[in-house]
Amino acid sequence: MGDALRVEHPAVIESLPRLLAFVDDACGAHEVGREDAFAIRLATEEVCMNLIRYGYAGRPPGPIEIEFARAADRATVTIRDRAAAFEPNSAPPPDLVSDSERRRVGGLGWHLVKHMVDEIAYRSDPERGNQLTLVKLLKERTA
Amino acid sequence: MDGPREPASAASAAPDRRVAVVIGSGSVKCAAALGLMNVLEREGIGVSMVIGCSAGCLFATMIAAGHSTEDAAALTRRLWTREIASQGNTRSLARVLLPKVFGFDSRFGLRSDTLILARLREAFGESHIEDMGIPLYLTATDFGDGSQAVFSSGRVVDAIRASIAVPFLFSPWRVGGRLYLDGYMADPLPVGVAIKEGAEVIVAMGFESPYQDNVTSGARFAFQVSSILSNNLLKSQFAFHALAHHAEVIPIIPEFRQRIHLFDTGKIPYIIEEGERAAEAQMPYLRRLLDAGSPTRAAAGS
Amino acid sequence: MDISVNPGGSVTVVTINGSVDGLTADQLLATLDAQVDAGRTHLVADLSGLEYTSSAGLRAVLGTVKRTRSKGGDLRLAAVQPQVFKVLDLAGFTGIMKLYDDVPSAVASFGVQA
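Residue numbers (the numbering used here), protein chains in the order written: chain A, 1 to 143; chain B, 1 to 302; chain C, 1 to 114.
The hints are simulated quantities; they were obtained by calculation from the structure and are not laboratory data. Only a predicted model underlies this, so the values are computations on that prediction, with no experimental measurement involved. It cannot be assumed that every hint is accurate.
[Claimed, not checked] Below are the PhoX-like pairs computed for lysine-lysine, each with C-alpha atoms no more than 20 Å apart in a straight line:
| hint | chain 1 | residue 1 | chain 2 | residue 2 |
| --- | --- | --- | --- | --- |
| 1 | C | 86 | B | 196 |
| 2 | C | 71 | C | 86 |
| 3 | C | 98 | C | 66 |
| 4 | C | 86 | B | 267 |
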C-alpha cells in the first residue's frame, strides 16, 4: 500500500489552486499516467467546487481535506468536509447565470465525476462530517 | 464546406431569421410534420433548414425536396406553396408518396429490408442530400461508438436506410465504411444539429414512444424497455439543448387520441390533422418571436 | 492559464493556454465577454495549448457561444486536445459547437475575410 498524503484548506475559491496542485503533485510523485492524472484532477476539482459553492452555505467556510493514496492498480482520493449533509439541490446563491443553467452546470460536474472515476463512495456522520471517496483504476500498474 | 444556401422561398417572404424544423423519431406519426408544414406555409414562414431522425428523415427529405433544384422546382414549389396550403392537397400528396414507403403489413417480414430499400429507391432514386433546395440533415447512430452521425451529403436512400435501422427490426446499414443504426439511439429529436448549424428559432416536432398497457409477451417487454429508454433520452437531450441554445426551441408534440400502430398508414390524414393542431397552438408564440426585431445572420457579413 | 487575443479582421482569435479551472474560468469569461462587448462576435478559440478544463471552463464557453450567436456570430473551437475533447464530448458540447483541426480552418469557416 502506498503512502497516504494529506492536505487541508478552507473551502473558499482561493484554495482551489492549492488543492489541485496537491493532487497534481501527488499523482506525479506516485507515477500516475497523464490520462489518469487528468481524470483524477478533474473529478477532484468538480467535488471541491461543489463544496466551495454549496458545502458550507450560510456558514463560515470550514475545511476541505484531501487525502491521496496509491495502490498497485488504483489511486484513491478521499475528500472530507464538515459541512451539512451533502445536498446537490440546495439553493444556490444568486448569480449572473440563470438558476436552471446553474443547476444544469452543477449536474454537469457530477456527470463528469462519474465518468472520470471508477468508484464513488459517500459517507456522512454528525461526528466526523462527510467523506467522499473516489477510486480511479489505473491503466499503468506499478511493479 | 458548402457555400451559404438561399433560404426557402415561401409564398410570402419570411423575416430573415433562420427557422429550423426538426422532425424526431416516431415512425408513421412523423407524418404530422406535413401538418406542421401546412401551417408554416399558411403563415408565410420560410424554413431555412430541415433535420430528420429515424422515420422523420422521410418527411424531412420530402420537405427539403419540395424546394429542390431549378428544373423540378417550378412544379414542386407551386405544389408545396400554393396547393399544399390547403389540407386536401397535402393529404393527396401524402397518399401518393407515403403508401409506397409505408404500404406494407406485418406479414412483410420485419427482418428483411429488400422491400423497404426498393421503395426508398423508388421514392428517392439517386437524389443526394446536398442537392435539396433547403439544407437537409439526416441523423443516424454510429454502431461502433454510439455517437450521432449527421448526413448532410450523399445519397438520400443511404441516409434514410441508416436512420431507420431499428435494432432487431432492420440490420445496421453500412455507409462509407461505417455501420449505422437508427438515429433515435443517439438522440430521438436532434435539436443539437440545428443549434450547431446556426439556426435561430428551432421548431422541434417530437414524439414520445408509447407505453404498453399490458406487457404479456417478450416482444412487448422489449418494446416497453425501449420506450422507457428512448423517452428518457428524448427528455434529457431536449432539456440540454433548450438550455444550450441562445434562442428559442419550440417543442411541438402532437397528441393522438387514437392509438397509432407502426404501420397505420390509413390514419395518415388524421395524423396530419393532429400535426396541424399541435402546430397551430404554437403559432401565436412563434409569430411573436419572429416579428420581434432581432439580429440576423444576414447582417453578419456575408 | 494565459490568454492572448488577436483581433484580426472580421474574426478574432483567442488563444487559451494551460488550464481552465474554477478559479481561472472567471478570467476567461471576462476576456471573452470583453470581445463580445466590443462587437467582436466572430470568435475562434485556439485550444492547441489548452491541457485541461473542468465544468467551470465549459460554462464560460457555453455562455460565450450563446452571447455571440444571439448577436449573429459564433464561437468556434480549433485544435482541441484529446483530453479536453473528451470533456467537451461528455458534456454534449461537441454536438452543438463547431470544432476544427486548426485555426485557419476555423477562421475560414466564418466565410468572411479574416
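Checked hints:
{"no.": "1", "hint": "86/C <-> 196/B", "result": "holds (18 Å)"}
{"no.": "2", "hint": "71/C <-> 86/C", "result": "violated (29 Å)"}
{"no.": "3", "hint": "98/C <-> 66/C", "result": "holds (13 Å)"}
{"no.": "4", "hint": "86/C <-> 267/B", "result": "violated (45 Å)"}
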